[in-house]
Structure formats: structure tokens, C-alpha cells
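Assemble the complex: chain A is given as a structure, and chain B must be docked to it using the hints.
Protein chains: 2
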Amino acid sequence: MKQKRYFLSESELPKQWYNLQADMPKKPQPMLSAKTKEPITVDELAKLISREAASQELNMTDRWIDIPEPVMEMYRYYRSTPLVRAYGLEDALGTPAHIYFKNESVSPVGSHKLNSALPQAYYCKQEGATNITTETGAGQWGTALSYASKVFGLECAVYQVKISYNQKPYRRSVMQAFGAQVTPSPSMSTRAGKDILTLYPNHQGSLGTAISEAVELALTTPNCKYALGSVMGHVSLHQTIIGLEAELQMQKAGEYPDVVIGCFGGGSNFSGIAFPFMRHNILDGKKTRFVAAEPESCPKLTRGKFCYDYGDESGYTPLMPMFSLGHKFCPPNIHAGGLRYHGAGVIISQLLKDGLMEAVDMSQLKTFEAGLLFAKTEGIIPAPESCHAIAAAIDEANRCKENGESKVILFNLSGHGLMDMTAYDQYLSGSLTNYSISDEDINKNIEQIK
Amino acid sequence: MKQKRYFLSESELPKQWYNLQADMPKKPQPMLSAKTKEPITVDELAKLISREAASQELNMTDRWIDIPEPVMEMYRYYRSTPLVRAYGLEDALGTPAHIYFKNESVSPVGSHKLNSALPQAYYCKQEGATNITTETGAGQWGTALSYASKVFGLECAVYQVKISYNQKPYRRSVMQAFGAQVTPSPSMSTRAGKDILTLYPNHQGSLGTAISEAVELALTTPNCKYALGSVMGHVSLHQTIIGLEAELQMQKAGEYPDVVIGCFGGGSNFSGIAFPFMRHNILDGKKTRFVAAEPESCPKLTRGKFCYDYGDESGYTPLMPMFSLGHKFCPPNIHAGGLRYHGAGVIISQLLKDGLMEAVDMSQLKTFEAGLLFAKTEGIIPAPESCHAIAAAIDEANRCKENGESKVILFNLSGHGLMDMTAYDQYLSGSLTNYSISDEDINKNIEQIK
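Chains A and B, in that order, give the protein sequences. Reading the first sequence from the start, the letters are residues 1 to 450 in the working numbering. Reading the second sequence from the start, the letters are residues 451 to 900 in the working numbering.
Here chain A stands alone, though its shape is the one from the complex (with noise of 0.2 Å):
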């Protein structure tokens, strides 16, 4: 009998995430504070995010970190989420391969957005916050924070790309039935709105403009703090949970990923999955490789530049160390919302510096092909970013049955694209298009770059 998927038991949940910083054979360089170019301190992020987030960003010594108990019931309530073997999608590639994918789809949300959203949420509780607030690209983020900030009672804020509230109404009712407050930015409702709305009165947004938005409404409002989806080291470490279930589900298996893999927008899916087996490399002389799939008209890891950065687009964030597109950088309106982000985490760009990691860029036909054969083969329909992860997956695929050989490839399945149906309705009747980028324009924006 062919075992499809593999799950864990609620006394096999890890209790721990997993803080890769503590492992780096080179630390990533420190932010540094807008104001005054020195290392960010513990105190000066948590004007912005909880304590306890900011403290996590900032450890480099501890890999173990407890996950609170009330965070660890809400994910009781979804978790482990399946580890699945796609028989389909390897019969319909004829590869030798063995394919896996970790299905974050199925947690309440849609995605595996929620994994940081609780703690995020009850953190900035603890700390006696009453509001919270954030930015919202394709959706997926807002509406985990939506849903963890009525978990725990705090009243959410979501500035919503204004692309993206558009083309997909859904997505913002589903943050409105969770009982938040969705506005389309930019937006009038805040300076750094204002000063783009000036310049360009029908400016569709993006997820730099909208972070401003949102962390100036935090710093504006008592009580009020900022929560990020992605990009931060924090998010990254909660995002461990789904490498540490798969390590565990891939051992029920009987196997081991010869190549891991995620879509990539900031990098909250990607360390989500990759970080735990990367540890074995780093500690235990695994060989794994570690793949991150980016679209190709926001390709800040395969062409970007490893600089200091801005985290959003008016500059209220610190300083990163990151591969960057430049913070000015808007990128065309992909329907994979969620990887429109010029910057790739201080983690991430250290790695992919120092080689522990390896980026592919794919054009959006590609995914959207590789997202329908998937739906076909294993009956889910994928959200637009993941099929980036997909795509990268059945180009190994293809690769293990030119040279006939049967590697494991491991890839995060990190949302379905129930919400996105508009995309894939444009890619069935042939009006979707491929957006690529001039090496100018990349230029143009990285010079701006201080």
C-alpha cells in the first residue's frame, strides 16, 4: 500500500523553533538604526514589534527557543500538517525522483503565515499592546494576523497593496469576516501614503510602500505595534516549526531531501522549511541542497545587490544587510503578491553569500503551469507563489530522469490559491503574460541604494 502522507502525533510536536543564527558558521552583520548607523539594540525594535520578537531577532547565541504554551495549543489546533509523497505528480513527470511536499494549505488561513502570526500576536498581548498592525501583499499574511489577533484579543489594522485589493475582493472579506481593519494602500491615512499618492495619484502599491504605511501607524498610535509577515530573523525561527515536523514525517518516510525548496518573497516559507535540515549541513556534513525559487520579475537573490537597505520604501525600517532590488523598487503586477518584495532577510543573504544556499528565478507562465499539472496530479489548487516552488521541484524532477536517478526533493507547499482563481482563469484563456526586467532598470534602482 502507497502511504500518501505522514503526520504527528500531538506528543511528537516539536516544542521548540529552531534558531539557525546560533549555528551560522559567519553571523549575518548586524542592522543598523535609521538614525544613527550604529547596530540596532533590543529597546530601539521594540518601539516597533514586541520585545520578545525583537530579543529573538537579535539572538545569535540560543538554538533552542520554547514556544509558549498558549501558542503551542492554537498550533495543536492544525498541526503537524501533512507531509505528503506527490505519487501523482511524479507519474505524470515519469521521474524516478521521489517528490514531497509539505502541505501548509490546510492550517485555518489558508497558509503557513499563521505559524508566526500567533506568536507575534500573543507576544505583543503579553506586553499589554490593544492594537496591532501590518502590511498585506497577496493577503496570505493579513489574514493569518487577522485571525491570530482575534485569538488573542487585539484589534488589527492591515494595509493591503492596493493591486491586491483590487484583483482580489475575497481575500479582504476574509480579513473583514475575521473582524479586521483592511485598508488599501497606499493611502491617505498616513504620511508616507500622502507623499506617494502625490507624486503618483494612481500609484497600485507595494509591499514597501504598505510596511511604511503600517509602521508609521504604529508609531503613531498608543498601544499600537507593528507585526511583519516576513523578511525579519524572527519570523524565519518561528516558521521552523514546518522543517522540524518534516524532518520528523520525512524519518516515518524512510528518507532524507537530497533538495529542499520554497518560493520566495522575503523568506518566511523558505528558512520555514529549510532551516532545520540546513542545521544537519552545517553540524552533521549533510550534503543537502537548499533551493529558493523567486519569480523573475523581482529576482533579488539571482540578480540583486548585497548592500545595506532599507526594509520599506520611506525608509522607516532599519538598515539591512540584504540582497536588494533597491527599496524604491516596484515590481510589476505579478499575481504571486506575496514575492513582490525587493529585499531577501539579513539571514537569508548571508547564506546565499556564503553558499549555503542556491536561488532560481521562473517566469510566471512557468508557475502557473507547473500550479495546474499540480492541481490535476494532487488535487490542490496552489497560490501563486507556491507554484514557484513546484516549478523549481519539477525542474529537478526532470533533471533526476535525464540522468536517471532518484533523489528525494523536498518543497513547501506554503498556501493554496483558492483566492487567486483570477490568475489562473487569465492563464487558461491565455491573456497571462511574463514580465522580465532590463538590466537597467535594475541598475537604476540599485544606485539609489545608500
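Simulated from the structure, these hints should not be mistaken for laboratory data. Don't be surprised by glycine CBs; every beta carbon is placed ideally from N, CA and C. Don't take each hint at face value.
[Claimed, not checked] Just a few of them, taken from the derived set where beta-carbon distance is under 8 Å, the chain A residues facing chain B: (1) 77; (2) 108; (3) 109; (4) 147; (5) 174; (6) 178; (7) 179; (8) 365; (9) 369; (10) 372.
[Said to hold, decoys possible] Per the computed footprint, the stretches of chain A lying under chain B, defined by three or more beta-carbons under 8 Å from a beta-carbon of chain B, are: (11) 2 to 14; (12) 181 to 187; (13) 416 to 430.
Same frame as chain A, now just chain B:
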């Protein structure tokens, strides 16, 4: 530690469906051939649906029916579905009742409908069919059959009720992503559709009409079988996997339900959760109540007439002894499209007649109010159909609060509502309304029944 979710291991999964017909104190009256008015035979039914399904339909003797291994293999892919203790909802209501729900929304297609789509597609394929056709109201059944057809290698054509086709384009897209041919009904592709459109050019469709179109296509196309997602006894049989699992899961929770609740359209999800528990009322003297929650705008159980009537608008199906509003009844355009059906299914109708179950009706506004409370407390956006079960469960829980009773309430969450956010938007913006039906309207249609 509060345990929220209960699962079964693969070895604990039921391997047989439960056939309530074998245990019914009074057997249902026979269905009659539309032509001869004689009791229908397996041979006659097998012209339309698979022979195996036809034989299950008329099986009054075998209590347990084996689930074929290829169907079990697919069941293992998404089953058991979680049994969830709704602590969040209980707290919000302040009720001493224990509320459980069976979460069928986690199936790959988002609802319980896959439980019957898989065996129906499998039997058709086994018996040599190359094509399969059906109707869909809300789209849940069409989605399930589209995917099941892909799994077993059949081409699938779906007639989708026009109002739903236009209101929920995402549903259509999902079916197309699974490779199905989707046609809005009434269409000009069948005699039944042309007849209706000639009389009413702007007809928005009904399940009864869409069934007529699908049946006509099946009867006039070589190697094409018809499949139905509700109403029929073999569909209820396949859906008993829900209640059989729930029974084992309730044992793990150390409880037994005092009340079992399902929303009601044609009976598929209600019978799935109810029948396995009902056998203990019949055989072991248990006193569980079974409550079917139907919309007040389509009240066949609470206000329909028990009589012989057709299952479709054009009168292609056998005559069925059932509670009906008349096969020409076209219900108002409520958002719970899956409940917009004029009749109740032969087994259910007999059970209601014999006092073995109850029915309640729910206004549209009340169901969305209940659905939003559920979303905020349990983190899942419920389908508008499922909201009827939630509303009925809340009524029961509130009565427990008034009476200080700790009853155990179990309801079936038949599916998620992520394709139905337009309806939630309308509710949140105050533009959603109730639809009540006058006795006159009901009697007018019932009088047309011959």
C-alpha cells in the same frame, strides 16, 4: 490540556459504508419508473448511473458495503477529517453544552462531496464509461466530481446553475483547473435547456433544471454516465464515512452526541453524519435527536408535501416518494446554492415521516450571523450551506444555557466558504436580505405534482 481535535490512524479508518436501509423499521416506498409507473429496477437505473451505484440504491438488506480499495486509497489521502471540539464557539456563547463539529472542509476540494464523487467516478470507469456528467448548484459537487474524474481518468461535463456560474466565477475556474467542461444552465445544449429558455429567456437556473440537462446529456451520449451529488440513497451510503469516523472519534473524546445536526439540501451531508448514529437509536435504544437545518426559502422538510414527484424539472428521473415543494419549484436566489432543491431524498423522507428525525428552517440572515461568529471563534470561513447547521447548533447550545444542560452537540461542517465571500461581503455591508415564502406559493407548486 484541552484537546481540540481528534483523528483516526490509517488502520482505524472504516473500510465499509453503512447502509441504513437494511435497518430501517419501515423501508422506503419504491421509486417508480417515469414511463411504466412500476417500481424501478437496477437495470433501468443502470441506464443512467453506474450499475454498482444502482444496485446500492435498491439494496435493502446488506448493512455493510465494502469500500473498493482504489477509493480507500483516495480516502486515505484526506481522511480521517478532524473531529473538532469548538471550545472557541462554546466560550463565545457561554454555554455549558459541549459542541463538536466534523470538519469536512479540509478535503482537497473543500467539502464532503468528494466522499461520493470518488466511488461514483470509480464505478463508472470500472464499467467502461469514458465520460461522466452532472449538475452543480453551489459548485461543491461539481468541483468534487471534476477532481474525482481526473483521478480515475474520465472526461467530466458539469452543468452549473446559471446564477451560481455568474455569482461565483472562482468555482467555475476551479472546476476548469481540474480539467472539466463547465456549462451554465439552462443552456441551449439540451432539449430541456432550450425548452426553458424559450419560455423564460432570462431564467437563472435551478438544480432541478441542471439535473434535467445533465441527465439528457448522459442518455444521449455514448459511454457517458450521470452522477448525482445528493438526494439518492447510494450518495447517502457513501457519505456515511463521515458519521462512522465521527463515532470512533467521539469515543476518543469520551462522549456520545445527544443531538446530531446537518444542513439540508438533498440530504448528502446530513445523512452522512446522522445515519451511523441513527443505527444505535434503532438497534441499541439510544435517544439521540437528529436535526436537519434547511433554508426558510426552500422548506421542503418543514412545509413540503410527502408524495411521488420527479427529481428534476423536466421529469426525466424516476418518480420518488419524498417530501417535495414540487419539481417546478424554483427557489429564491439565496447564497446557499447547495440547498436550493425542491425535494428531500427517499430515505430521509421516510425517516421524517416516521418521526426518526426532525427538521428546522433558518433565515438567510441568521445563518450568516452564525457563520461569522464561527469564523471569528474557530478560524474557518464556513460555506453558506454549513452556516445553517451552525445556526441550528447555536440554537441548541443556547437552549442548553437557558436550561443549564451540558448536552453534547455534534454538527457537520460540510465545507468552507472561501468561494462565497461575495455573500459575506453583502452580509457585512447590510445588503443581504431574507426570503420567506407564502403558503400560496408553496401550494401552487405542490398542486402541480401529479
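Results of checking the hints against the structure:
1. 77: Cβ of residue 77 of chain A sits 5 Å from chain B, so the hint holds.
2. 108: holds, 4 Å
3. 109: holds, 7 Å
4. 147: holds, 5 Å
5. 174: holds, 6 Å
6. 178: holds, 6 Å
7. 179: holds, 6 Å
8. 365: Residue 365 of chain A check fails; min Cβ-Cβ to chain B is 15 Å, beyond 8 Å.
9. 369: Hint on residue 369 of chain A: violated, closest Cβ of chain B at ~12 Å, above 8 Å.
10. 372: holds, 6 Å
11. 2 to 14: Result for this restraint: holds, n = 6.
12. 181 to 187: violated (count 0)
13. 416 to 430: It holds: at least three residues are needed, and the stretch 416 to 430 of chain A offers 7 whose Cβ sits within less than 8 Å of chain B.
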